[in-house]
Amino acid sequence: MAVKLKKLEEQVLVITGATSGIGLATARAAAERGAKLVLAARDGDALDTLAHEMRQRGAEVATVAADVGDPADVTRIGKAAVEKFGRVDTWINNAGIGTFGTLEQVTLDDMQRLMQTNFWGVVHGSLEAVKLLRAHGGGAIINLGSEASDHPVPLQGTYSASKHAIKAFTDSLRMELEKDEAPISLTLIKPAAVDTPFAKHAKNYMQNEPTLPPPVYSPELAARTILQAAEVPARDLYVGGAARFSSVLSRLLPRTVDRYMRASMFDAQQTDKPSAPNRRDALHGPDARQELRQRAGVSPKPIDKNVYTTLGMHSTATRTVLVGGALLAAYALWRKPKLGTWHA
Amino acid sequence: MAVQLRKIEEQVMVITGATSGIGLTTARMAAEQGAKLVLAARNADALDQLASELRRKGTQVCTVAADVGVSADVERIGHAAMERFGRIDTWVNNAGISIFGRNEDVPIEDMQRLFQTNYWGVVHGSLEAAKHMKTRGGGAIINLGSELSERSVPLQGLYAASKHAVKAFTDSLRMELEKDKAPISVTLVKPAAIDTMFAVHARNYMDKEPALPPPIYAPDIVAKAILYAAQHPKRDVFVGGAAKAISSSGFAMPRVMDKFMNASMFKQQQSNLPSPPNRRDALYEPDTRNELRQRQGMPNHVAESSAYTAVTLRSHKIAPVLLGVGALFAAWTLARRPALRKAFS
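So the protein sequences, as listed, match chains A and B. The opening residue of the first sequence carries number 645 in the numbering used here; numbering runs sequentially from there. The opening residue of the second sequence carries number 8 in the numbering used here; numbering runs sequentially from there.
Simulated from the structure, these hints should not be mistaken for lab results. Certain hints may be false.
Claimed, not checked - Using 27 Å as the maximum straight-line C-alpha spacing, the simulated DSSO-like pairs for lysine-lysine come out as follows: (1) B:Lys-231 with B:Lys-251; (2) B:Lys-274 with A:Lys-775; (3) B:Lys-138 with B:Lys-14; (4) A:Lys-775 with B:Lys-266; (5) A:Lys-775 with B:Lys-215; (6) B:Lys-266 with A:Lys-823; (7) B:Lys-138 with B:Lys-188; (8) B:Lys-188 with A:Lys-917; (9) B:Lys-186 with A:Lys-917; (10) A:Lys-648 with B:Lys-266; (11) A:Lys-823 with B:Lys-251; (12) A:Lys-650 with A:Lys-823.
As the list claims (entries may be wrong) - Quick list of the computed label-pair ranges, beta carbon to beta carbon: (13) B:Arg-62 with A:Arg-895: 44 to 54 Å; (14) A:Glu-825 with B:Leu-335: 53 to 63 Å; (15) B:Ser-255 with A:Asp-824: 26 to 36 Å; (16) B:Arg-91 with A:Arg-879: 46 to 56 Å; (17) B:Ser-256 with A:Thr-751: 32 to 42 Å; (18) A:Lys-917 with B:Leu-335: 49 to 59 Å; (19) B:Phe-267 with A:Leu-971: 28 to 38 Å; (20) A:Glu-676 with B:Val-318: 55 to 65 Å.
On a predicted model such as this, the values are computed, not experimentally measured, just so you know. Beta carbons are placed, not taken as given, at the ideal position from N, Cα and C, and that holds for glycine.
Please put together the full structure from these sequences, using the hints given.
Here it is as structure tokens:
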């Protein structure tokens with residue numbers, strides 16, 4: 645992809661789902677780098693609070709209360725960006741929600757609402773972004789997939805389906821843009837489990853409170869990965885080596901991974917606290933009590949640095965040199981009959 | 008999967024999208040093998056005609072005019088099957104439709120209609136099937152994915168997205184049913200390009216008529232694979248070696264495949280004929296002029312068999328034989344090495 649992207653401090657970034665988790669972490673990190681921001685979420689109050697916090701630090705911010713599942717709302721986001729800043733450089737389709745429960749338990753209504761936010765929100769956002777980027781000299785579209793784009797996770801069937809669909813849509817749009825030689829980079833981010841309010845916001849059908857099993861990575865790691873893609877074109881970026889590992893494994897040994905998931909994921913995704921009868925979630929509307937939180941605060945502490953993710957952010961050439969060099973060194977050491985014989 | 012499945016001649020099979028292409032071919036093949044059929048499609052007239060044809064040959068058939076995208080319609084299919092035959096042994100979620108065109112050119116409403124049929128139709132059908140199968144000792148759910156369940160393509164973005172989603176749903180349902188120890192086999196069939204009315208029925212936003220890229224396979228191969236999976240539990244079936252090749256390359260070399268598809272798929276998914284202004288399709292309503300056709304009839308070559316599919320369907324029998332032969336060969340080669348011979352003499 646010979647697409648040239650601007651430095652972050654010269655960019656106008658659109659971020660959906662900006663009031664929580666990965667979106668919030670990305671917005672804050674981008675603001676610190678000096679990017680201009682257009683932040684979208686359903687909760688107008690949370691957006692105002694966030695914008696206020698950022699403007700106090702000198703960031704230029706526009707906010708749009710919008711439901712990405714509604715194409716008219718997404719058009720408004722684009723309009724607001726152009727009105728305030730004259731253009732968009734990077735559009736990050738991040739807004740997403742989960743449900744925990746079996747496919748037989750979750751109502752069709754809830755499944756459809758999830759798909760409307762997660763998949764159709766990305767379709768609406770991507771197509772709006774393409775329109776604007778074509779009109780203003782190009783840029784980057786960054787879509788949040790998941791490790792669940794590559795293999796499903798039990799009790800999150802519809803979420804997995806939505807993330808699979810995002811992958812296919814993103815891949816086909818990318819090919820079409822490249823055929824056109826459009827100066828637009830299209831990246832699919834595939835995080836492993838990230839410490840955000842994801843489990844708290846998800847609608848829960850299980851007996852106990854949902855949680856994400858380790859390894860869990862920090863939202864700041866995800867944010868760094870996303871902002872990397874805003875400056876350097878990339879096709880796919882995993883966040884967390886575990887995401888890549890499970891993706892490859894599920895491809896090579898599907899039945900084994902099925903069995904492993906069956907044996908562990910039904911229990912590992914539940915805490916031992918029962919789910920409250922009047923439990924609130926953010927599926928059909930924002931949960932005002934859980935706004936503006938980057939992390940849920942899981943233990944053990946989420947992983948913030950990850951060799952695999954960092955490697956993924958470098959070019960193939962750099963990766964080849966680094967990994968090749970490491971392998972060569974290992975081979976050289978192995979060939980030496982005794983380590984003690986390192987002398988001239 | 009220690010699921011026991013009946014022979015086809017003892018089975019009650021539900022088939023959606025039964026009036027065309029793969030569904031029609033499967034229905035006729037299953038009828039020939041003595042299955043009792045519950046056939047669903049949107050076009051009641053076409054269903055009646057098909058039922059009449061099959062009954063003349065002695066098949067027991069019940070028909071349900073239904074839109075798989077409507078969950079109440081799908082409940083009626085299940086209800087009709089239980090009322091008429093008392094159980095469901097196999098449920099084939101086959102109904103599907105496509106749209107050809109760049110993502111930027113396709114209206115959102117059309118995309119949503121496609122998804123409603125291709126994805127939600129499978130969700131409705133699978134859940135309805137599982138509900139009834141649990142009460143009657145089990146069975147097989149067979150969902151039509153596609154090679155595009157694993158690797159996307161330009162000009163059919165939403166079709167690929169719907170088939171990716173079908174794969175994830177099917178794999179999740181399988182894990183959950185297995186956790187429950189339900190005696191239900193869940194199969195994802197992933198065909199390559201098949202000679203059916205697919206391109207004729209698809210809605211088109213390109214300048215030229217849609218076409219399918221070669222290699223193209225006969226719908227009979229898919230039908231055989233479906234009927235095999237109805238009797239022998241299988242996790243996945245690729246129909247056509249090309250489907251497996253696309254899937255593997257897509258995984259191993261995504262950028263290469265991107266470039267390859269851009270070089271070939273824009274040309275190969277368009278015929279030489281311009282798309283007529285009043286072109287009809289079956290996205291929102293059945294196309295009554297083109298019903299009860301198994302194949303479109305392609306100008307290019309259509310493969311009538313697939314060695315890959317034939318072998319992999321029976322892989323559970325073949326693999327141990329191959330392993331055994333391999334092990335014997337390895338033992339023989341090693342035994343001939345002089346150093347080893349010395350060690351053992």
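Hints, one by one, checked against the model:
no., hint, in the structure
1, B:Lys-231 with B:Lys-251, "17 Å, holds"
2, B:Lys-274 with A:Lys-775, "25 Å, holds"
3, B:Lys-138 with B:Lys-14, "22 Å, holds"
4, A:Lys-775 with B:Lys-266, "23 Å, holds"
5, A:Lys-775 with B:Lys-215, "24 Å, holds"
6, B:Lys-266 with A:Lys-823, "9 Å, holds"
7, B:Lys-138 with B:Lys-188, "14 Å, holds"
8, B:Lys-188 with A:Lys-917, "26 Å, holds"
9, B:Lys-186 with A:Lys-917, "22 Å, holds"
10, A:Lys-648 with B:Lys-266, "19 Å, holds"
11, A:Lys-823 with B:Lys-251, "25 Å, holds"
12, A:Lys-650 with A:Lys-823, "22 Å, holds"
13, B:Arg-62 with A:Arg-895: 44 to 54 Å, "46 Å, holds"
14, A:Glu-825 with B:Leu-335: 53 to 63 Å, "56 Å, holds"
15, B:Ser-255 with A:Asp-824: 26 to 36 Å, "28 Å, holds"
16, B:Arg-91 with A:Arg-879: 46 to 56 Å, "51 Å, holds"
17, B:Ser-256 with A:Thr-751: 32 to 42 Å, "39 Å, holds"
18, A:Lys-917 with B:Leu-335: 49 to 59 Å, "57 Å, holds"
19, B:Phe-267 with A:Leu-971: 28 to 38 Å, "29 Å, holds"
20, A:Glu-676 with B:Val-318: 55 to 65 Å, "57 Å, holds"
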